[in-house]
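Asker: Quick note on numbering: the sequence shown equals residues 18 to 307 in the working numbering.
None of these hints come from the bench; they were simulated from the model. Treat the hints with caution; some may be incorrect.
Said to hold, decoys possible - Quick list of in silico lysine-lysine cross-link-like pairs, PhoX-like style, CA-CA up to 25 Å:
1) K149 x K172
2) K95 x K124
3) K144 x K156
4) K149 x K138
5) K138 x K125
6) K149 x K253
7) K154 x K139
8) K149 x K231
9) K52 x K300
10) K156 x K138
11) K144 x K253
12) K125 x K139
13) K124 x K144
14) K231 x K267
15) K289 x K267
16) K253 x K139
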Amino acid sequence: MIDEIVEMGFTNIELSHGMMITKLPGLQSAFKAGKFNCCGVHNYFPSPVEVMIDAPDAYEYTSHRPYDRKRAMELTLKTLDVAAQFEADYMVLHMGSVPMNPARWTKKLTAMVEEEQDETKKYERLKAKFIKRRAKKGKLYYSRAIEALEQIAEKAAELGVRLAVESRSRYEDMPTETEMIALQEHFKDNPWVGYWHDFGHVQLKHNIHLLDHKEWLATMEPYLIGCHVHDVYPPKRDHRVPLTGELDFKSLLQHVDPSLPHTWELSPSRDKEEIKQALEVWKAAFPETL
Numbered sequence: 018m019i020d021e022i023v024e025m026g027f028t029n030i031e032l033s034h035g036m037m038i039t040k041l042p043g044l045q046s047a048f049k050a051g052k053f054n055c056c057g058v059h060n061y062f063p064s065p066v067e068v069m070i071d072a073p074d075a076y077e078y079t080s081h082r083p084y085d086r087k088r089a090m091e092l093t094l095k096t097l098d099v100a101a102q103f104e105a106d107y108m109v110l111h112m113g114s115v116p117m118n119p120a121r122w123t124k125k126l127t128a129m130v131e132e133e134q135d136e137t138k139k140y141e142r143l144k145a146k147f148i149k150r151r152a153k154k155g156k157l158y159y160s161r162a163i164e165a166l167e168q169i170a171e172k173a174a175e176l177g178v179r180l181a182v183e184s185r186s187r188y189e190d191m192p193t194e195t196e197m198i199a200l201q202e203h204f205k206d207n208p209w210v211g212y213w214h215d216f217g218h219v220q221l222k223h224n225i226h227l228l229d230h231k232e233w234l235a236t237m238e239p240y241l242i243g244c245h246v247h248d249v250y251p252p253k254r255d256h257r258v259p260l261t262g263e264l265d266f267k268s269l270l271q272h273v274d275p276s277l278p279h280t281w282e283l284s285p286s287r288d289k290e291e292i293k294q295a296l297e298v299w300k301a302a303f304p305e306t307l
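All chains should be modelled from the sequences, with the hints used to inform the complete structure.
Answerer: This is how it looks when you write it as structure tokens:
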């Protein structure tokens, strides 16, 4: 797997969720052999042994179940240990969610955009109701997320791994944009906590009119640790190969320090040749990000 990634032209690799523990020895051997640099990891890595699918949200810090909150913390601290072993600079985190059914909210708004109903009063009423209800329900879950992050940050500081709180694709997830700003301000004096911008996730929210992508990225620029780079086929197909979809990277990257990680996070269904071709175009267009 590592050989294939390196052959495509990448030498900095983020070790991500969904990776079975049985693959860890091979990854360690490749790392010790100097085949790649581990820029970061994505929680949980490796995947929990009891979870048979790629499920980074199998356990949440925001859960009502004490066991789930405890398991989330255990897995996160283990991931931090692994990150340190691979000399990673950062660990990307999901912070949980609130108990709101996406089928009633995010997915319904997205379906209305697909049906070109997003300029109707019905759409505006649904969106306004969604935002209001999410803000009201979010307080308890935000406090749980902050409490968890404070504990995780202590170990992150010991190990020298920065915590990158990721922008999410659904408004039901933690944190919303309002919560993200509050979270970053809460930790503004802690150098081990920052913001991770996922271009695809944010674009999905942009496409259902919950934010303006460029304005949001400009707002979060002071907190930015790095970003997941992938494209979107509107309105909802993300993790496409960069420069093949709707995203205006030339404009958006004006708000990203080029020295920060620009990690390509692609769907496993993407074609190898398409990735290689896009990488060559990226190198020519944005050499300062390499």
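Asker: If a hint holds in the structure, say so; if it doesn't, say that too.
Answerer: Do the hints match the structure? See the list:
1. K149 x K172: violated (35 Å)
2. K95 x K124: violated (33 Å)
3. K144 x K156: holds (19 Å)
4. K149 x K138: It holds: about 16 Å lies between the C-alpha atoms, which stays within 25 Å.
5. K138 x K125: This hinted pair holds, its Cα atoms lying about 14 Å apart.
6. K149 x K253: holds (23 Å)
7. K154 x K139: Since the Cα atoms of K154 and K139 sit roughly 22 Å apart, the hinted pair holds (cutoff 25 Å).
8. K149 x K231: With a Cα-Cα distance of about 24 Å, the restraint between K149 and K231 holds, given a limit of 25 Å.
9. K52 x K300: The hint holds at about 21 Å.
10. K156 x K138: Cα-Cα ~28 Å, so violated.
11. K144 x K253: holds (17 Å)
12. K125 x K139: Holds, because 11 Å separates the two Cα atoms, which is no more than 25 Å.
13. K124 x K144: Measuring from Cα to Cα gives roughly 11 Å; hence the hint holds.
14. K231 x K267: holds (11 Å)
15. K289 x K267: holds (24 Å)
16. K253 x K139: holds (20 Å)
Going through the hint list in order, the structure does not satisfy hints 1, 2 and 10.
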